[in-house]
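Engineer: Chains X and E, in that order, are what the protein sequence lines are.
Just so you know, the first sequence maps onto residues 1 to 388 in my numbering.
Just so you know, the second sequence maps onto residues 1 to 261 in my numbering.
Wrong hints could be hidden among the right ones.
[Claimed, not checked] Just a sample of chain X residues kept apart from chain E, beta carbon distances all over 12 Å, derived:
{"id": "1", "residue": "Gln106"}
{"id": "2", "residue": "Thr140"}
{"id": "3", "residue": "Asp307"}
[As the list claims (entries may be wrong)] Here are some, though not all, of the chain X residues that point toward chain E, as calculated from beta-carbon distances under 7 Å:
{"id": "4", "residue": "Met12"}
{"id": "5", "residue": "Ile20"}
{"id": "6", "residue": "Ile45"}
{"id": "7", "residue": "Ser49"}
{"id": "8", "residue": "Asp50"}
No lab work stands behind these hints, which were simulated from the structure alone.
Virtual Cβ for every residue (Gly too), placed ideally from N, Cα, C.
Next come the chains, spelled out residue by residue.
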Amino acid sequence: MNEYNFTEDQLMIRDLARQIAEDKIRPVRAELDEKDEFPEEIIKILADSDLFAIFVPEEYGGLGGGAMELCIATEELSKVCGGVAVSYAASGLGAFPIILFGSDEQKKKFLPAIASGEKIAAFGLTEPNAGSDVGGMETTAEKDGDDYNLNGNKIFITNGGVADIYTIIAMTNKSRGARGASAIVVEKGMDGFDFGKKEDKMGIRATVTRELVFEDCRVPAENLLKREGLGFIVAMKTFDKSRPGIGAQAVGIAQGSINEAVEYASQRIQFGQPVSSFQAVRHMIANMSTKTEAARNLVYHAARMVDSGVKNISKISAMSKLFASDVAMEVTTNALQIFGGSGYMKEYPAEKFMRDAKITQIYEGTNQIQRDVIGLKVIKENKSGKKK
Amino acid sequence: MNIVVCIKQVPDTTDVKINPETNTLIREGVDSIINPFDTYAIEEGLRIKEKLGGEVIVMTMGPPQAESVLREALSMGCGEAILLTDRNFAGADTWATSYTLSRGIKKIGEVDLIICGKQAIDGDTAQVGPGIAEMLDIPCITYTGKIKDIDENGFTALRMTESGHNVIKSPLPALITVVKEINEPRMPSLRGKMNAKKADITHYTAADLACNLESIGQLGSPTVVRKIFAPPAKGKGEIFKGEPADTAEKLAAELKDKGIV
Ligand SMILES: Cc1cc2nc3c(=O)[nH]c(=O)nc-3n(C[C@H](O)[C@H](O)[C@H](O)COP(=O)(O)OP(=O)(O)OC[C@H]3O[C@@H](n4cnc5c(N)ncnc54)[C@H](O)[C@@H]3O)c2cc1C
Ligand SMILES: Cc1cc2nc3c(=O)[nH]c(=O)nc-3n(C[C@H](O)[C@H](O)[C@H](O)COP(=O)(O)OP(=O)(O)OC[C@H]3O[C@@H](n4cnc5c(N)ncnc54)[C@H](O)[C@@H]3O)c2cc1C
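With the sequences and hints as input, model every part of the structure.
Structural biologist: Here's what the structure looks like:
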């Protein structure tokens, strides 16, 4: 057995993603961070290496992996650049609703181009008045003949403007509240679909976060996923599947910062010896590594549960995202501390890891919301006699 | 277009150690990789194939473990891999290696273009490419930095020199050695890696290639290594700073002082 019981294909994915991260991303990551734009050339390399195929079923042009494969690749990329990793993984987030709820026809239409990396996907849920509370959703999709007519704005959308394929959650029947939302696939270039404000972000700057604007955007009714009213269920099931990926991103960022901090600490001489020889520093390294290892194992466990097809994965999936992202924030803060004053400078990678880590506590549901999900579930399980 | 790319398995370090008794490289405990210059040769072969069709065959002479670098080449997109392996090949110098590889290429039959890296990072001789061309009696262009206008009949190459480049037209078949300015090698793909893992690799022995036994391995190697040593570290240089007139004067005085002029 290898260290994490990876299959041979998973080992191959890990090695290839690591090679690309080291050879192609590391030399340009500071520049990508500075430039604040979509890393087109790197994404092309990932596409040519088949890394977009690993989360798409074989019958639709993929290599047949799932959440676990996406986690492995995302972790490796994040060890070097959390931004590139999100540009990549968000295409998986956009594809998951189609994989989970699309008809055979819809899958045939959209998935092969996502698997080849020729087209990037995105997921549009958040709105100005609907962040944690998706019930505040105002974007509408009114049925009109053979089309849906979309109106409204989505904000903070990863790969906005860059992606070709967008899974959008919109209200098809406002009067039905949570049961009035639906998931619809919108393609770039459709009339009435435009892009608004591009955000200037603290971290993960090698990814584009942008507003989507719908003004009488007509989308063929055949682009509706499953049926009307399932919008929020599509969103929740998508997050159940994708949250371990955020956990993997967090684990990668944490591990990347540890790797750099340990190297620095072994070389930095103070008081006549490497600072890594001081117990205060060593214990920091020990705690950082132990927590990251625990997070990694929780993430892998959650991803494997997701792929196993068992039903109740909301809790474990939320736990993996919650724990790994909190660990990443703590670990990257301490990694910077180990760098001393240099860590505070942009010349060194420590401060970028810290900036990149923060987002993992916020998106795909803030960690407060994850705790809500987990707490509620545990109490429910307890009541129904399913105690651990 | 049938293209053969010759690659070498080398230790993954430029800091190789030498066994002082045998005067050979110590390879134990060092990972093996494709000689970095050969990855540019593979990439160029693949690019020409993508433009003109045909096949890229990758070939190496080495022990059975050298299959790993052949599989790596397959994962980048080469269509076929050939390993020349035989106890009698061991200890080959550049002459015997060139001979053996040329026998391997003859065995393939119709080959239009042979591509090698400009040199190997362990031996650093840059002799095997030209040696193969010589034994096959075909044109050889070394230090190729760009290939232009290639078709079934011939091509134009830019041969990089220290001061610029030569523009050389050549018919086919021919052999080129490439420098790293020629392209940016692609990453392997997952599908490529999966296929490479399962791919059959052709093995040829000295008998398969009808090699003359006096021309292969240690026996066929005219090179005698008398001694290998790390060159002594250069002394510290000295930089004269200041106005050119003053520094020139200081330099002249120093050279006179040391009896150099
Ligand atoms: C870089 C980036 C990329 C993103 N990419 C995407 C994307 O691709 N697609 C997409 O749809 N969205 C995306 N988002 C949006 C993201 O998912 C939301 O920002 C997130 O869900 C939080 O919503 P909000 O920003 O409106 O915060 P709010 O909901 O306004 O939350 C503000 C604060 O209140 C807390 N809070 C809110 N409600 C509760 C409660 N009930 N109990 C306790 N605390 C609560 C929150 O935890 C938070 O601390 C992205 C965001 C960012 C920053
Ligand atoms: C923005 C900024 C402004 C600054 N302004 C000034 C200024 O105006 N004037 C000035 O003089 N300096 C200034 N500094 C320097 C600052 O005071 C030093 O960065 C700080 O003292 C830490 O030193 P260091 O960076 O060399 O870290 P190091 O001493 O190299 O520390 C590296 C790591 O090793 C740990 N460590 C070191 N020794 C030990 C030990 N014996 N036991 C346990 N752990 C140890 C540290 O805690 C740290 O985690 C500034 C720094 C910054 C970032």
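Engineer: Checking against the hints above, which ones are violated?
Structural biologist: Going through the list in order, the structure violates no hint and respects every one.
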